[in-house]
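Produce the entire structure from the sequences given, and follow the hints as far as they go.
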Amino acid sequence: MINEKIKISTKNLNVFYGSKQALFDISINLVQNKVTALIGPSGCGKSTFIRCLNRMNDVIDICKVEGSIKIDGDEINKKDLDVNLIREKVGMVFQKPNPFPKSIYDNIAYGPRIHGLAENREDLDNIVEHSLKKAALWDEVKDRLTQPGTGLSGGQQQRLCIARTISINPDVILMDEPCSALDPIATAKIEELIDELKEIYTIVIVTHSMSQAARVSQDTGFFHLGKILEFNSTEKIFKNPDNKLTQDYITGRFG
Amino acid sequence: MTSKQKEIFLKKRYRAENRFKFFGIFSITLAVSFLGILLFNIFSSGLSAFFKTKILLKINFDEKKLGININTSEKEIKASNFNEILQEALLNLDLLTPELKKIELIDIVSVDATYELKRFYLKHKDQLNKMIEVSLTLSDDLDQLHKGNFPRDIPEDRRRFSDFQLKVFDEQNAQNKIITEFNFSFFTNADSRDPELAGIGSSLMGSLLTLLVCLILSFPIGILAAIYLEEFAPKNKITEIIEINVNNLAAVPSIVFGLLGLGIFLNYFYLPRSTPLVGGLVLALMTLPRIIIPCRAALKAVPPSIREGALALGASKVQTVMHNVVPLAMPGTLSGTIIGLSQALGETAPLILIGMVAFINVVPFYPIDPSAVLPVQVYLWSESAERGFVEKTSATIIILIFFLAFMNSFAIYLRNKFERKWS
Amino acid sequence: MNLTIITLIIVFSLSCFFFGKTRVSNKIKISGKKFNSLPVYYGYYLAAWCGLPALIILFFWSFSDLYFIKFLILSDFKADPTIDKNKLNLIFTEIVSIAEKKFSGQIPKNLVPYAERFLNLNKIFELSKLAVISSTIVFSIFFSYKQILKNIKARESVEKVIRFIMFFCAAIAVLTTLGIVLSLLFESIKFFTVVPIFDFITGTNWAPGRAFIRDASTEIADVENVFGAVPLFWGTFFIAAIAMCVAVPVGLFSGIYMAEYARSKVRKIVKPLIEVLAGIPTVVYGFFAALTVGPFFRALGETIGLDVSSESALAAGIVMGVMIIPYVSSLTDDVINAVPLALREASYSMGATKSETIKKVVLPAALPGIVGAILLAVSRAVGETMIVVMAAGLGARLTINPLEASTTITTQIVTILVGDQSFNNPKTQAAFALGITLFFFTLIINIIALQTVKKFKEQYD
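Residue numbers (our numbering), protein chains in the order written: chain A, 3 to 257; chain B, 27 to 449; chain C, 12 to 472.
Derived by calculation from the structure, the hints in this document are not laboratory data. Glycine residues also receive a C-beta, built at the ideal position from the N, C-alpha and C atoms. Check the hints yourself; a few may be wrong.
[What the hints assert, rightly or not] If you want the footprint, here are the derived chain B segments under chain C, 3+ residues with CB under 8 angstroms: (1) 53-62; (2) 94-100; (3) 276-283; (4) 302-315; (5) 372-381.
This is the structure:
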């Protein structure tokens, strides 16, 4: 446990939508190269929380984020910070697969292009291939890179989105219920992928499925009504949670 | 209620139902037949303008009468007079013409005929001192007679050609000397006081230039404004004012834009009157809301997940919108723009106010040349008394409707082909 | 000259773009130095600095130099008290046309030196414009290149400029409205200083042709009583009312039929067909009304012994009504489609027929939307110009006989402003007064209509 490096830490994080408070004093530490699952009933603030980590909440006008979020010890919840640089470092995969209506190749190449990661076409080709391989999609699409990404199946689309996120080589990948729109086989593939990716990236995943959290994560946080009730190793949470409510939720008594 | 009463009542209800339905069908039929009558009327009276009536005349290109020889330069030929050989040929049609009627005989061809001869000679210089048959445009009145647009069996004093002219015309017609050919000059000539010479060349070009100015101004401004309002504008009073403004501007009567053009562009900025530049400016202001509104609708239709996907990759707001959102909104925007431009093409009133009603007898080439536009040409010709202008007006309308139909079908094609449906 | 300068600016900006872009990417390659933005943004940055200030200067310069030249040249004449403002303007146009060698007639000798001076001043202004703009370009390229070397955040700056340009484009809509209001107001105020606003609104005699100002003594006599706009208001209202009598029933029933009864195949054909009516230019309707419908009514009237004028309110109104049908029918169709299916099902489930459901349930629910649609149509009818210009005639009289010629606000604006358009003349200014009346009237109807439709749509969203 001593070798663990804290990647992200939040302190007294409060989020408001207009006058309504969505998150209350969230203070947790997320560990590098681990998968952290966030569970809890719908509307409890899990998604709101991970959207703070790459400042996606900036998109919503009425949303106000207070408190401290540090990535590698650097504060990111500052007004004058370039959010685009944070988002380059902290990638995100959404609930519904959202490939751009462009070719598969251009979907992956978009990020490297805007961040100037490739000096020439060859570089870009390599990045695309590498990202698709890492997302376990290469074999399925290598012959049709020029076809639109929207033509893929749901599971493939989601892996394409993961490949797109990987393409700019982030440190952290946030996943907002990445499997909720997918069938069980596609879900299994993504879960497998998550397990491989944690070697390189720090992953935070929001999920509705207890079993998914148990399968893929090392740490788990339980959110309830905008508060984090329990944050512990996954093993502990599922076997012997400290909190009564956590226990009830996991065993399916509410939620 | 007994069952008998109930049956009667039910019948009454069904009658009301049928009556109601009939009103609907009747209204639709009425509206569609209005359209049919309108189009039929225009087409039936306008198609004949695409043809013109000519007479085949034997012309003797006599060197002495023309005062030129084989070495005469082009410039001198242009300055020389072909009237004499023309009159000679015309008078030869009826050698027994009484002196008083001679003028009538000479009048059966268009005033342009002598220039037609000149143009013919410039192309066929080897015909000097030879006798050759040349086709020359007939006068407008005989042209209308030949096309059947004017009745022949009314008293002489109520028509614009004399019995004598009619006699000569019939004789020539019997000898197959009267021919009909496609009226190319209608598309290339500028306006003229003589219907048989008047063409839509200048107004066609004027419309083109005006529309070009309008497009260059309104398209980029409209799109940028729409992007700002839909993607960037903060939700505050200023944005709200701009939005209400855009919506109302789309419903302001077009003539008010004409007053704006007159009061500001002409009277204050001293821009040149009657020009496509000012016309295009005024129409651009009018078209602007008609581009902004569909462009915003198209932007709104792009799902937010696309924006989030790009933002999460660290693309800035401007990059996200420009790279990912705007291209998706393009089909809708383009079809909206084309429809807006087609409305601008048919607009008349504001252009009249900025002086585009002037009589333009040269084809304009630059946006600062005075010019007319197609719809104003329709207005101008419809006010003319000559019979020949009626078919010209209808023909201009046919051309105008042709352009509008083309633009609108193109817009519909764009929309159907490229606009994606988001689930 | 301006064209040359614009080409110059464009060429410079383009070369700046490529220079900035390659310069930065070379630096990255050679020294491995990390820049804050992609090289392409340094290109944009340099190009924006090169082009924008120069274009702004060019724009303002081009609009103001004539005023300066005018001021400088006319300063000699201003001392003379016999020369008033109109005369000054006239003198200046004469000087300009002499200078441009377009003067027709005998050239006044005393103006020739001024024409020469005009040409000289023009040359000076043009040359100094070129000099100022070139030095601006040089200076701003120099400045912005320095900035690039400092590794500024070029993307942010470029995006700020883009945002500002977008905002400016959006603001043009407001500027247009402002322009409309100001231009109308400016001339109208001049008009209302001569003709009392009360006379304009309540007067019943409209004969602006007689408003010639001969001298001071006849001015008042001539201007009084000829600018009574009531007959125009009445004509406008009357023709619009006739149009609505055609458009509302036909449009309403067509809309209802298309929304509720028509099979989708029929709808696909008929709806665009009816909308074609709205796409036909109004001048075509005008031509049709004047040459076909008007004479047709006249002939019809003759056969039953009625005296119908060939330019009549009836012909113009009916044709205008046809033009407006699609505005009513399409909006009605939309509005009825917005009424939720659940309402209809509730009615059907109680055994109501289709027409009963429509009359008792759908239409009352859709009423605000339909009223909005009709109001928008009224505003179209009031502002419509070409049909009435070509088919309604010019006679400004208070009549309820639809068979007589009638005139409208828009007709009079066109009639006044076609041909001679000397400003500073109450006749011309009257057109602007009519314009502002029309503008505000339609504006109010539009605002009410748009609000009603918007509220209706929100209700069922």
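- Item | Unsatisfied constraints (hint numbers, rising) | Checked against the structure, the only hint that fails is number 2, while the rest are satisfied.
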